[in-house]
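Chains A and B supply the protein sequences, listed in that same order.
Read the first sequence against our numbering and you will find it ends at 193, with the numbers running on by one and no gaps.
Read the second sequence against our numbering and you will find it ends at 1193, with the numbers running on by one and no gaps.
Note that these hints are calculated values from the structure, not bench results.
We put the CB at the ideal spot given by N, CA and C, even for glycine.
Incorrect hints may have been included.
What the hints assert, rightly or not - Under the rule of at most 27 angstroms between Cα atoms (straight-line distance), these lysine-lysine pairs were calculated in the DSSO-like manner:
no.	chain 1	residue 1	chain 2	residue 2
1	A	Lys193	B	Lys1193
2	A	Lys50	B	Lys1193
3	B	Lys1080	B	Lys1003
4	B	Lys1003	B	Lys1040
5	B	Lys1050	B	Lys1193
6	A	Lys80	A	Lys95
What the hints assert, rightly or not - Stretch by stretch, here's where chain A covers chain B in the computed footprint (C-beta under 8 angstroms, at least three residues):
no.	stretch
7	1112 to 1122
8	1149 to 1157
9	1183 to 1190
Claimed, not checked - Among the chain A residues that face chain B by a calculated CB cut under 10 angstroms, a handful are:
no.	residue
10	Ala25
11	Thr28
12	Ser105
13	Ala190
Protein chains: 2
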Amino acid sequence: MSKGEATRQAVLDRAAATASRIGLAGLTIGSLAADTGMSKSGLFAHFQSKESLQTQVLAYARELFSDQVVRPALAAPRGKARVRALFEHWVATGKEGGAGCLFVSASAEYDDQPGPIRDQLVRDHLDFADSVAQMFRTGISEGQFRPDADPDQFAHDLHGVMLGFFHAHRLLAESVAEARTRRAFENLLAAAK
Amino acid sequence: MSKGEATRQAVLDRAAATASRIGLAGLTIGSLAADTGMSKSGLFAHFQSKESLQTQVLAYARELFSDQVVRPALAAPRGKARVRALFEHWVATGKEGGAGCLFVSASAEYDDQPGPIRDQLVRDHLDFADSVAQMFRTGISEGQFRPDADPDQFAHDLHGVMLGFFHAHRLLAESVAEARTRRAFENLLAAAK
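With the rest of the complex left out, here is chain A:
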C-alpha cells in the first residue's frame, strides 16, 4: 500500500467512525479537517467533493461490515450454524458501534433523499439481504429448516430484529436489549424448524 493510499484508508476509518456518530450527511471535508487535523486542501486531493467523500465512506463501511459480519459467518459451517454466526457477529458490531451502525443511521437519513448515496445504500442492503437469504436457504437444503420456510421473509424478519436491537441498545441503552434480541432471534429460528 502506498503512503497516499495508507493515509486515505486512515482518514476513511476516522470518517466512518464520525459518520456513525453524527450521520453521513453531516460529514463534510471541513468537519473532517477539524476532526483529523489535516488541511482541507489535502483532504480535497484525496476526496474531491463532499459527495465523493460520503460515497467512499459508505464503500469503506461496506467492506468493514463484510469483514466484521459476513466473512466470519461464511467461515462457519453451512446452514443454521452459519445463520447463527452471522447473528453473533452482527450483534457484536452493534455493541461496538461498528460499521453496522453507520448503515442504520444512513438508511434513516437518506430514505427520503434521492441520489447516488441513497442508490448505493439500497444496492448494499439488497446485496446483504440476498446473502442472508442464501445462508438460510442452505439451511433448508441441509434439512435444518422447514422446506416451505421463506428465505426472503427470514432475511426481512432478521433485519427487523437487528434494527430493534440497535434501537434498544444504542438509543435506549436498555440492559435487556441483547437478551430480548436473542429471544427474538431464537423465536425466528424456532418458527423455521
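Dock chain B against chain A, hints included.
Coordinates of chain B only, in the frame set by chain A:
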C-alpha cells in the same frame, strides 16, 4: 386558538414534515425560514433557538403520533383487537411518511448525541413501549394471549417489526414490504397464543 398560536402550529406542522425528510438535526431557523417564506426574526420570536425549535417539533410529532396511532388504538376493544388496531395505524403512518418516520430518523440521528433531545426521545420511546406492553397485557388478562407471554418482549419485538417495515418500505421501496410486515406481525401474535 390565538392567531400567534395558530401560526406556531402551522409552522411546526411544516417543520415536522421537513424533519421527517432531512432529519431533525438538519432543521434550523434559517432552513425553516427558507422553507416557509417567513422571516428569521419572526421565527426567532416563536422558537428562540435551534434547540428549542427541535424540542418543540419533537413534542408536536409526539402529539401527532398519539393522534394517528395510539388514540385510535385505544378506541378499539381491549386486548388483541386493540393490539391489531395499533399495528394498523402504525403501518398507515409509515406509508404516509407521518410522525412515526420522524421518530425513526431522529432515533438514529441522536442515539450517539447526549443532550435534551436524546433524553426526550428516550422518554417518548419508553412511554410508548409501556403503552404497547399494557395493551398486550390486557390481552393476557382477557385470555387471548398465553399467561406466560412477556408484554415487554412483545413491545420490543413489535418495535423491531415496525423498524423493519419503515426500512423496507421507505429506503428499499419494496412492494412486498407491507406483506412481509403483516406476516411478521401475525407470527408474533401466533407465538403469543
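Query raised in the report: Hint by hint, which ones does the structure fall short of?
Result: Hints 2, 3, 5, 11 are the ones this structure does not satisfy, whereas the remaining hints hold.
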